[in-house]
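Enquirer: Residue numbers (my numbering), protein chains in the order written: chain A, 770 to 1136; chain B, 164 to 319.
Worth flagging that the hints you see were computed from the coordinates, not collected in a lab.
Take the hints with a grain of salt, since some may be wrong.
Computed cross-link-like contacts, DSS-like style, restricted to lysine-lysine with a CA-CA straight-line distance of at most 27 Å [as the list claims (entries may be wrong)]:
#, chain 1, residue 1, chain 2, residue 2
1, A, K819, B, K302
2, A, K1048, A, K941
3, A, K1116, A, K1002
4, A, K819, B, K270
5, B, K270, B, K302
6, B, K246, A, K1096
7, B, K298, B, K270
8, B, K302, B, K246
9, B, K230, B, K270
10, B, K298, A, K1096
11, A, K1066, A, K819
12, B, K246, B, K230
Example chain B residues on the side facing chain A (calculated, C-beta under 10 Å, incomplete) [to be verified]:
#, residue
13, T184
14, P215
15, I231
16, R237
Predicted, not measured: the structure shown is a model, and the values here were computed from it.
The beta carbon of each residue, even a glycine, is placed where N, CA and C say it ideally should be.
Below, each chain spelled out in residue letters.
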Amino acid sequence: MALRTEELILNMGPQHPSTHGVLRMVVTLDGENIMDVQPDIGYLHSSVEKMMEYRTYIQNISLADRGMDYLAALANEMALLRAVETLGGIETPLRAQWLRTMFLEFQRIASHLVWLGTWGIDIGATTVFLWCFREREQVIDLFEQSTGGRLHYVYFRPGGVYEDIPEGWLQKALAFCDDFEQRLVEYHQLLTGNPIFEVRTKGIGVLPREVAINLGASGPVARASGIAFDVRKAFPYMKYAEVEFDIPVREEGDCFARYMVRMEEMRQSVRIIRQCAEKLPPGEIRAKVPITLRLPKGEVYTRTESPRGDLGIYLVSQGGETPYRVKIRAPAFSNLFALSEIMRGWKVADMIAILGSIDIVLADVDR
Amino acid sequence: MLTSIEHLLNWGRASSLWPLTFGLACCAIEMMGAFAGRFDLDRIGVIPRATPRQADLIIVAGRATIKIAPIVRRLWEQMPEPKYVISMGSCATCGGPFYYDNYSILKGIDAVIPVDVYVPGCPPRPEALYEGVLKLQEKIMKEPFLRRRARLVASA
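Chain B on its own, in the form it takes in the complex (with noise of 0.2 Å):
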């Protein structure tokens, strides 16, 4: 029982992913593409937001500074539970190409956010992101929420 209605909330979760607008760098370009005509992420699910408060995925495209990294992280807190991370790019996931010689870039951004996702390639085709978003849900579909809660309250 617990695990069918499970099932049934991972399903929606899953299906209505609704990332936040927030491009870093040059992967927000291909970011965009993947939005737009060709790929079409909408058909998934994926609905691009403009504010935190309405999203539950933060796609990070692109290279983040130490000077945005506070920002980040702001706007992972002001995101509603569940929440997700998708990190898009070399940059994100481990400093890319500025990972040597250089004093500003943040070297990955799981420094300061816990991410569900990498995304590798500098910057990753639209096909690639569209891979990463069929991870995740395949990753949704699989957490067992409602049965981790009901263990904790039996145990309470």
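So here's chain A without its partners, still in its complex pose (with noise of 0.2 Å):
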């Protein structure tokens, strides 16, 4: 006689050390295993959207830093001036465009930094937290010596950049990448061939291919499952055009692919910040544009690549000092709702390694 099993029904969250930020997760259980996940979002909805309606296009990139992907300010910043300047026909000064692309690369890396330091914990690994936090102080150091923030910047500016950077920071940012090449190589030493990670992650949460594409997933949640798109080859923007970067692509789309995907990233960043550093020219660094930006009518849509995936705005204005309306599409978004298909058939200990793995950011999610 088979044994009669009833469905739980499990509460996961808003308060949960692993969920990163104030996710909460409706999960039917039988036994072990996770019939089905809802995610309930909204309790960090900050209605930037329409906060964004009131205010100037300048006061719009310190909204952008706080209400959307906190983890990866620059990145917002990019994305918001991309649409606006795409719109305004402003042109950028070729130093701040090389500037742009190193910081967005350096923002890049303290994002996975964050990520690995946390799916660390999560997993059962506090020593990659420690490590990965002293990495990315070194980063934002860098940032702060130039920005003078640590986690919000203000420091793209339509038509440019807000400061040139000081003297002797381009030798501590190739100090720090000579640093943190090697450091890389620690990370793999203490999790690649590690065999409880191995048991933990690899051939976990596997998502497919055509259910990565239909469910619109991007950044390398997509890439890990195979999807060599990325925004910054497909849709170049600043100077990612004229510069050698590989997209790391992984077909297996398990934990583990997408914890690989991300550390070449962050390999492929440093690759990318030596060529700006080298290619850096001297010059202007922000055009001539008036503080009360006024945008012509019309509306737009663009792309950025954030460290989450693909960030697109869309922005219409008509013709006053403030948009008309902005739309986000948030790669976090997209992302979760992969969430209740990867995770459907695994074990509920596996959980975790699923969620931390997708790295979803609650700002960017509800926004």
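Put the complex together from the two separate chains, hints included.
Expert: This is how it looks when you write it as structure tokens:
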């Protein structure tokens, strides 16, 4: 006689040390097996899209830092400014473009380091957290010396960047790159060959390629499922067309593949930073743009590659000082909804590893 | 006699503040930075705990929406006495940059739970959080809870 089992509905979150913020998941369990996962979002909804309609474009930059993906503030600024500059036809000086490219890659490293550290804690490796934050503090120091901020920078302005980098900054940045490449090898030594780590991640939480495409997953999550798509290559902005870098792609689509893709991305970021530092021309850092910027009437949709994926901004202007409507296409939002597909059928103990591996930031999901 | 016992108990309370790991928004990243290697809040006895039942400090790090407010309140209620609250960042303190034109953010977490120390900044640096914890320790050291109880017993 078969054992009679009952479904159990488990509420996970909003306060849970591994939900990376305030995500609530309603999980239907059959014994240890996950039958269904329904993410409940909105616990960090800060109505940024509405607030942006009442603020000028320059004020919106600081709002984009905070209200969207706060781990990658510069990527948000770039996303907003790409829309503003495309609609306004604003040309950015060459030096500013190279600086932006370099800073975006530093931001990618900082963001991936937070992801790796917190994911390490989730699956029981506290050392990774301490190591990652050690390196992240160095990136943050570089940011602080040039932009003045640790987390929210408001460094990119319409038509350029706010300030030039201070003297000796490039040498420090390159020294960090040399150091960081060795650290990446250390992370690999700590995690990649570790049997416990491999058992917890290899073959766990597979996202098939077709499902990833259908659900609109992007960024490292999609690239780990074999989709070789990167906005930096497909629709280059700033100086990404002029630097050499590879898009890491894995076919497996499991947690380990997502980990390997992000690790490789950090290495590619270092490569891009080196090229930027080499090619950085002297000159102007900011075009002459009025402080009360008025954009012509019209609408535009632009996309950029944030550390989490394809970050799109749909901007409608009626010719005033403020946008008429801003719609943010958040990568973490789309990736989160791949979650219920990925998790179905796995054990309850794999939930945390899977959730951590897709790297969501709740501010990006809820906005 | 009462004062010195009280001093000893207060010293014990102040030097082992266990906060709840509860990050709301951007300030949580700086809070994590404060727990990590460079700043290392463990040095002054602040060790994060994952459940409110074991925590005696809640650091409200980040903006609280109207949707999350009852949950923060419930977490605070689940913590055993004595319990303390640090409001970290402008958003938790007063709504911060989300004060105007906003329908979803609570204008200050002190609307739902009593706050002991406010740490300003957007987001505050880990040093600022450190200062906040030190200020809270100062406050705990001065707490006359035994004498207050003795007075209550005497008057009853």
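Enquirer: Hint validation: R237/B versus chain A, beta carbon distance must be below 10 Å. Holds or violated?
Expert: The hint holds - R237/B has a Cβ within 10 Å of chain A, the shortest such distance being about 9 Å.
Enquirer: Does the structure keep K302/B and K246/B at a Cα separation of 27 Å or less?
Expert: holds, 12 Å
Enquirer: Taking 27 Å as the top limit, are the C-alpha atoms of K246/B and K1096/A close enough?
Expert: violated, 42 Å
Enquirer: Is the straight-line distance between the alpha-carbon of K819/A and that of K270/B 27 Å or less?
Expert: Roughly 17 Å between the alpha carbons, so the hint for K819/A and K270/B holds.
Enquirer: Verify the proposed pairing of K1048/A with K941/A, using a straight-line Cα cut of 27 Å.
Expert: holds, 16 Å
Enquirer: Does the CB of I231/B sit less than 10 Å away from some CB of chain A?
Expert: Given a least distance of 5 Å, the restraint on I231/B holds.
Enquirer: For the pair supplied as a hint, K246/B and K230/B, is the alpha-carbon distance within the 27 Å limit?
Expert: Holds. K246/B to K230/B sits at ~23 Å (cutoff 27 Å).
Enquirer: Has the given pair, K298/B with K270/B, been kept, meaning a C-alpha gap of at most 27 Å?
Expert: Status holds; Cα separation ~24 Å.
Enquirer: Taking only the CA atoms, is the gap from K298/B to K1096/A under or equal to 27 Å?
Expert: The given pair, whose Cα atoms are some 42 Å apart, is violated under the 27 Å limit.
Enquirer: Close enough to count: is the Cβ of T184/B nearer than 10 Å to one in chain A?
Expert: holds, 5 Å
Enquirer: Against the 27 Å threshold, does the CA-CA distance of K1066/A and K819/A hold or violate the hint?
Expert: holds, 19 Å
Enquirer: Any CB of chain A closer than 10 Å to the CB of P215/B?
Expert: This hint holds: P215/B lies near chain A, its Cβ roughly 8 Å from the closest one there, short of 10 Å.
Comparing the model with each earlier hint shows violations of hints 1, 3, 6, 10; every other hint is respected.
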